[in-house]
Amino acid sequence: MAIAGNILILIGSLFLFLGSLGIFRMPDVYNRLQAGTKATTLGAMSLILGIGFLNNEFLVKSIVLIIFIVLTNPVSSSTIARASHKSGVPLTDKSIIDVCRDDIRKEEV
Amino acid sequence: MKNFKGFIVFLIVVALTWLLLTGTFNKDDLLIGGSALILIAILFYRYSDLYRAVKITPKIVFYYPLYLVVFLIELLKANIDVALRVVNPALPINPGIVAVKTSLKDPLSKLILANSITLTPGTLTVDVKDDTLFIHWIDVKGKDIESATKAISSKFEKILKEIVK
Amino acid sequence: MILTLSFVLIGLAVFFSLLRLLKGPTSFDRLLATDTITLITTALLALMAVSFSRVIYMDVALVYAVIGFAGVVVIARYLEGGL
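Residue numbers (my numbering), protein chains in the order written: chain A, 1 to 109; chain B, 1 to 165; chain C, 1 to 83.
Next up, chain A with everything else stripped away, as it sits in the complex:
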């Protein structure tokens, strides 16, 4: 149990690190959100589950925390994505298609 907990904690902190590295390296706000949301969500989940395994006193509370993170983290990043898209933050030059932008243009005309 303790070994599994330690491994989960190590994997979790590794994913947290990779997520923030992705935030630093990606070219525009949407790709940063991609890296930031997914990697940090799994990182936090795995780390907190590992803590529950390491000390059984914390297990119930860590499960509540995991459920809360899974429910709220996608919502907050979706809200940021929507806000930046509505404010007209451009996609990176590498992008190949933007359906939503065409829609907005049609509505304005």
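Be aware that a few hints might be false.
A few chain C residues facing chain A, derived, Cβ under 7 Å [said to hold, decoys possible]:
| # | residue |
| --- | --- |
| 1 | 10 |
| 2 | 20 |
| 3 | 22 |
| 4 | 65 |
| 5 | 69 |
| 6 | 73 |
It is worth saying that the hints were derived from the structure and are not from the lab. For glycine and all other residues, C-beta sits at the position ideal for the given N, C-alpha and C.
Fit chains B and C to the supplied structure of chain A, relying on the hints for placement.
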């Protein structure tokens, strides 16, 4: 009581949260939790409409765990995918925003679908308008609505139809 | 040993997010960095709970997650223009 079912689901969710947070079955704790539950039920009755979409049939015993398993596998795949992209020095991305149609009607079902899409490989929900979801895709494989729907949301939607309206 | 390594990795994660917070370029990038730092801090508080053996830090982490989520959503709606 036209949305009685939604109200009951709402009460069950709140009660379960309290039990998990306190973690005890003491008489005092249950008493305080019960009075807080009544207060919350009175204050937030008008928002309980949201939970109307939850289906209560014998089938859900099978479909809830199935959804959880599919979701966790997709989450793991998503993370390995993102991690490989981040550590690759060339940063292989091919991004764009595509539209996806959904047949789910209720706000709660659309919320669950949008959240699941956000946490699965390479996709991020940008906006929801009626039955269309706008999705930022880190590696665009199909530009039209049909192929994007097939690649992104059909996997979840099949199971979600059994759980919620 | 493992816990120390985890603390180091989490410190590096906060460092890269702070770099993004300072660099910008848009306010949404800064908001996104703030969101990530909130989540990392939640995980850090949980890690502190186990390394100091204090249950109370788990409650602190839970409350911090709730408040951080509310703050990020409110600021995003404000920047969108329709609070």
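Hint check:
{"no.": "1", "hint": "10", "verdict": "holds (5 Å)"}
{"no.": "2", "hint": "20", "verdict": "holds (5 Å)"}
{"no.": "3", "hint": "22", "verdict": "violated (11 Å)"}
{"no.": "4", "hint": "65", "verdict": "holds (6 Å)"}
{"no.": "5", "hint": "69", "verdict": "holds (5 Å)"}
{"no.": "6", "hint": "73", "verdict": "holds (5 Å)"}
In this structure, the one hint that does not hold is number 3.
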